[in-house]
Amino acid sequence: MFEFAWPWIFALLPLPWLMRVLLPVADSGEPALNVSFLSDLEGLVRRRARANLPAWRQQAPFILLWLLLLIAAARPQWLGEPLPVAASGRDLLVAVDVSGSMDFPDMRWQDEEVSRLSLVQHLLGDFLESRDGDRVGLILFGSQAYLQAPLTFDRHTVRVWLDEARIGIAGKNTAIGDAIGLALKRLRQRPAQSRVLILVTDGANNGGEIDPLTAARLAANEGVKIYPIGIGADPEQGGTLGFLGINPSLDLDEPALKAIAQATGGQYFRARDGEELQAIKRMLDKLEPVTQQPTQARPAQALYHWPLAMALLLSMLLVIRERWPDNPLRRLFTKKLFLQTQLPDWRQRLKRLRLRRRR
2 MFEFAWPWIF ALLPLPWLMR VLLPVADSGE PALNVSFLSD LEGLVRRRAR ANLPAWRQQA
62 PFILLWLLLL IAAARPQWLG EPLPVAASGR DLLVAVDVSG SMDFPDMRWQ DEEVSRLSLV
122 QHLLGDFLES RDGDRVGLIL FGSQAYLQAP LTFDRHTVRV WLDEARIGIA GKNTAIGDAI
182 GLALKRLRQR PAQSRVLILV TDGANNGGEI DPLTAARLAA NEGVKIYPIG IGADPEQGGT
242 LGFLGINPSL DLDEPALKAI AQATGGQYFR ARDGEELQAI KRMLDKLEPV TQQPTQARPA
302 QALYHWPLAM ALLLSMLLVI RERWPDNPLR RLFTKKLFLQ TQLPDWRQRL KRLRLRRRR
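So in the working numbering the end of the sequence shown lands on 360, straight run, no missing numbers.
Hints should not be assumed to be uniformly reliable.
Simulated crosslink set (DMTMM-like; lysine to aspartate or glutamate; CA at most 20 angstroms straight-line) [claimed, not checked]: (1) 186 with 135; (2) 186 with 164; (3) 287 with 277; (4) 186 with 165; (5) 173 with 212.
Everything labelled a hint here was simulated from the structure, so no lab data went into it.
Based on the sequences and whatever the hints tell you, model everything.
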């Protein structure tokens, strides 16, 4: 079915004529030429002389050009048949800690030491991209929490944005409560049985304005399940020390994360290395999808480029007509051709008129 996405654009159709009426006439700077024998010539041909082509013939190319531009701006499109959209699954938000401690390289993956954030990006990115039928979103938090990707079926893009996350992009502290509050704001508009938040952090709440347990109780009232994941090697296992010789693994507040999971009906997970995080990913994959209200979408094929291309071609023809007068197109729109078709012998009649006056 053909339709215009923005049909109100056609309300601008009379705009050029309104401007012509309201704006003052521009001065061409050229003197007018008065023909003394014009009335005699009009008597011979029995019609009134016109300085230019008829108004409709002058304005027709510009009217057509303006109409083509309006048609393109109104976004013409062809709508296909309604197609079902997969809407069974969960609305799953992932909140990832990007504070300074997430750069600590105490995680092992495939016999290599990697930073905590790098491991999360690799394994959790695979988890997000494999959640067929789920809407997934991404929150990055540090001193503040930011919605990096809203809930969407485009899981690959969410994975790309997770891979592009950088340490310290949201501040150096850890605002767990603010991350939960932002997730609650986004999930409360979705069906109550499908709200899930996966919270990945390696520290304790030391920033933000909302207490994590208070935010967890509010999430429980809204039916949001929170699955916290505490990431980082055990203090006795991590051989590398952080700033001032302190192991960042000591900052992990496991009791608070367990309390958040218990308050919302979720489960707390501990990831000390890549294998444990991969096992957690497989466990999270077992979340049963919840059937939601089915939706339909109609594929739309944009057609604006056709009238836009025609307007461009017409503009080029008008430019050629003005810049290069000696061409067939110019002769088509000039007064010369019009007079030749209407008055083939006007020169002879004018010559006879002059001879008569001399006598």
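Taking the hints in turn, this is what the structure says about them:
1. 186 with 135: With Cα atoms ~18 angstroms apart, residue 186 and residue 135 stay inside 20 angstroms; holds.
2. 186 with 164: violated (24 angstroms)
3. 287 with 277: holds (16 angstroms)
4. 186 with 165: violated (24 angstroms)
5. 173 with 212: holds (18 angstroms)
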